[in-house]
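**Q** Sequence:
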Amino acid sequence: MVDVPTLVEQARQGRPRAVARLITLVENAAPQLREAMAALAPYTGRAYTVGLTGSPGVGKSTSTSALVTAYRRLGKRVGVLAVDPSSPFSGGALLGDRVRMQEHATDPEVFIRSMATRGHLGGLSWAAPQALRVLDGAGCEVILVETVGVGQSEVEIAAQADTSVVLLAPGMGDGIQAAKAGILEIGDVFVVNKADRDGADATARELNHMLGLGEAREPGDWRPPIVKTVAARGEGMDEVVEALEKHRAWLAETGELAVRRRRRAADEIEAIALAALRSRIGDLHGDRHLGALAERVAAGELDPYGAADQLVADLTGA
Numbered sequence: 002m003v004d005v006p007t008l009v010e011q012a013r014q015g016r017p018r019a020v021a022r023l024i025t026l027v028e029n030a031a032p033q034l035r036e037a038m039a040a041l042a043p044y045t046g047r048a049y050t051v052g053l054t055g056s057p058g059v060g061k062s063t064s065t066s067a068l069v070t071a072y073r074r075l076g077k078r079v080g081v082l083a084v085d086p087s088s089p090f091s092g093g094a095l096l097g098d099r100v101r102m103q104e105h106a107t108d109p110e111v112f113i114r115s116m117a118t119r120g121h122l123g124g125l126s127w128a129a130p131q132a133l134r135v136l137d138g139a140g141c142e143v144i145l146v147e148t149v150g151v152g153q154s155e156v157e158i159a160a161q162a163d164t165s166v167v168l169l170a171p172g173m174g175d176g177i178q179a180a181k182a183g184i185l186e187i188g189d190v191f192v193v194n195k196a197d198r199d200g201a202d203a204t205a206r207e208l209n210h211m212l213g214l215g216e217a218r219e220p221g222d223w224r225p226p227i228v229k230t231v232a233a234r235g236e237g238m239d240e241v242v243e244a245l246e247k248h249r250a251w252l253a254e255t256g257e258l259a260v261r262r263r264r265r266a267a268d269e270i271e272a273i274a275l276a277a278l279r280s281r282i283g284d285l286h287g288d289r290h291l292g293a294l295a296e297r298v299a300a301g302e303l304d305p306y307g308a309a310d311q312l313v314a315d316l317t318g319a
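When we follow the numbering used here, the leftmost residue of the sequence shown carries the number 2, and every step to the right adds one.
For lysine-lysine, the following DSS-like pairs were computed, each having C-alpha atoms within a straight-line distance of at most 25 Å: (1) Lys-77 x Lys-247; (2) Lys-229 x Lys-77; (3) Lys-229 x Lys-247.
Hints listed in this document are in silico derivations from the structure and should not be mistaken for laboratory results.
Just so we're clear, the structure is a prediction, and the values are computed from it rather than from any experiment.
Let the sequences and hints guide you as you build the complete structure.
**A** Rendered as structure tokens:
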């Protein structure tokens with residue numbers, strides 16, 4: 002039996018095991034999840050969420066680890082949500098980013114959790130919003146969300162983070178990929194990692210040129226900075242933190258932070274509502290009424306839109 006109030010209290014005290022158990026409730030969509038979210042709600046809304054995205058191989062995990070180090074130097078409690086590809090056998094996280102962040106494993110002020118996408122497109126797990134709430138409620142001041150690195154579908158992070166960081170690396174054609182993937186639109190801060198390699202300056206120039214060709218910005222609008230780093234050596238990470246803090250201040254001053262968080266809450270509510278409706282539709286699969294509608298559509302007696310309208314009416318009582 003899960004004692005949710007005790008778990009939440011222990012998570013508030015920063016106990017890793019309690020935080021882990023709450024996130025497990027999220028991943029398993031456990032019956033106690035509603036109670037847990039209700040108990041955590043008064044403590045949420047304080048964390049600054051930073052999303053890191055980019056093509057596989059640009060150094061997302063290394064950059065995330067280096068950012069944890071930089072924020073810990075500032076005395077911040079840091080949470081990391083590393084979203085990995087799913088194992089086709091167990092459905093669990095395949096890469097296990099915690100393996101690549103072992104230097105933080107013994108730090109009680111750092112919580113790292115790998116989550117599986119479980120087939121969810123867009124680079125994030127479907128459970129990520131609730132997991133972020135757990136880390137927020139557990140007192141993490143900064144939450145870093147590292148996405149799976151799925152290339153051109155990697156834009157969903159913009160909906161889950163206060164600030165989106167796009168990582169690129171020289172010699173990978175990332176400038177072209179960024180233009181194709183719509184990543185120019187979601188990036189608040191751009192990082193050219195592995196800047197000790199040939200072509201780093203050219204990548205930064207190309208990116209700067211493409212940003213200049215983007216949509217016109219009004220005075221006072223945010224212009225994404227480009228920072229060069231060598232994350233494996235921790236070089237340039239203080240500059241990344243500086244860029245993040247400047248963007249955080251801009252978000253607060255312009256009111257954009259509140260706008261983004263309201264949008265995020267609306268998306269979360271909608272996703273939960275749609276999941277509930279899908280569950281009720283699934284319950285109807287053995288229902289004679291749904292079978293009768295399917296039979297009429299297959300016979301050409303009713304169009305699928307009309308059948309769907311009837312199904313929705315049955316579900317909602319409208």
